[in-house]
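Asks: With these hints in hand, go ahead and build the complete structure from the sequences.
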Amino acid sequence: MSASIKAVKDTIFGNFDAILKMKSEILGLTKDDQRSHTFTNSDSTQRITLGVNCIDGYRDTVEDGIAMVKQYIESLARDETTKSLVNAVLRLLSRDGQGNIKASKVLQLRKMAEDSGNDRFIEGVRIIEESYQPTVTKRYIRAEYKDSKGAWHYVPLDMTAVDQLTPETENTNQME
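Residue numbers (numbering that gives the first Met the number 0): 0 to 175.
Just so you know, the hints here were simulated from the structure itself, not pulled from any lab data.
You may find that some hints are simply not true.
[As the list claims (entries may be wrong)] Here are the simulated DSSO-like cross-link-like pairs (lysine-lysine), alpha carbons at most 27 Å apart as the crow flies:
#: 1; residue 1: Lys137; residue 2: Lys30
#: 2; residue 1: Lys20; residue 2: Lys5
#: 3; residue 1: Lys148; residue 2: Lys22
#: 4; residue 1: Lys145; residue 2: Lys101
#: 5; residue 1: Lys8; residue 2: Lys22
#: 6; residue 1: Lys110; residue 2: Lys137
#: 7; residue 1: Lys20; residue 2: Lys30
#: 8; residue 1: Lys110; residue 2: Lys145
#: 9; residue 1: Lys104; residue 2: Lys30
#: 10; residue 1: Lys137; residue 2: Lys20
#: 11; residue 1: Lys22; residue 2: Lys5
#: 12; residue 1: Lys137; residue 2: Lys5
#: 13; residue 1: Lys30; residue 2: Lys8
#: 14; residue 1: Lys69; residue 2: Lys101
#: 15; residue 1: Lys30; residue 2: Lys145
#: 16; residue 1: Lys8; residue 2: Lys104
#: 17; residue 1: Lys137; residue 2: Lys148
#: 18; residue 1: Lys101; residue 2: Lys5
#: 19; residue 1: Lys145; residue 2: Lys104
Replies: Shown next as structure tokens:
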């Protein structure tokens, strides 16, 4: 059963691959960094989302970038008021439960570095960004349909989710 589910999943991703390539060509994208794509039918009553889950990860050089950024930011602290601002900015470098920095926080840091115009700060953020190595954990497919009241409902596509069906969702507008 597991092999059959994998085969169907591979087929679905393969079928959408041409569509995603066409989308990239139309938009003039050389690289597609988008982690999910949602496709909706013409009357907006059904949609399917294909995507990947990723975990943020970094090479060891991230530590050099962090040290450069911290050095610059800490040099700005002059009194209690600026120390609290410095601590707020340094929180952007805080790590999650797996010891990684969130990529979204690095984007905020880049904006601050550009606004500062400080070469050392900019270089530190650049090193952090270049150290970024996300890891894809799994691919997923989500299907949904819209009921007569306009609310979206998931169509269970995995073994554990099928228990979540209620009698009313079993008999409504299921995706074909």
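Asks: Honestly, which of those hints from before does the structure not fit?
Replies: Of the numbered hints, 3, 4, 6, 8, 15, 16, 17, 18 and 19 do not hold.
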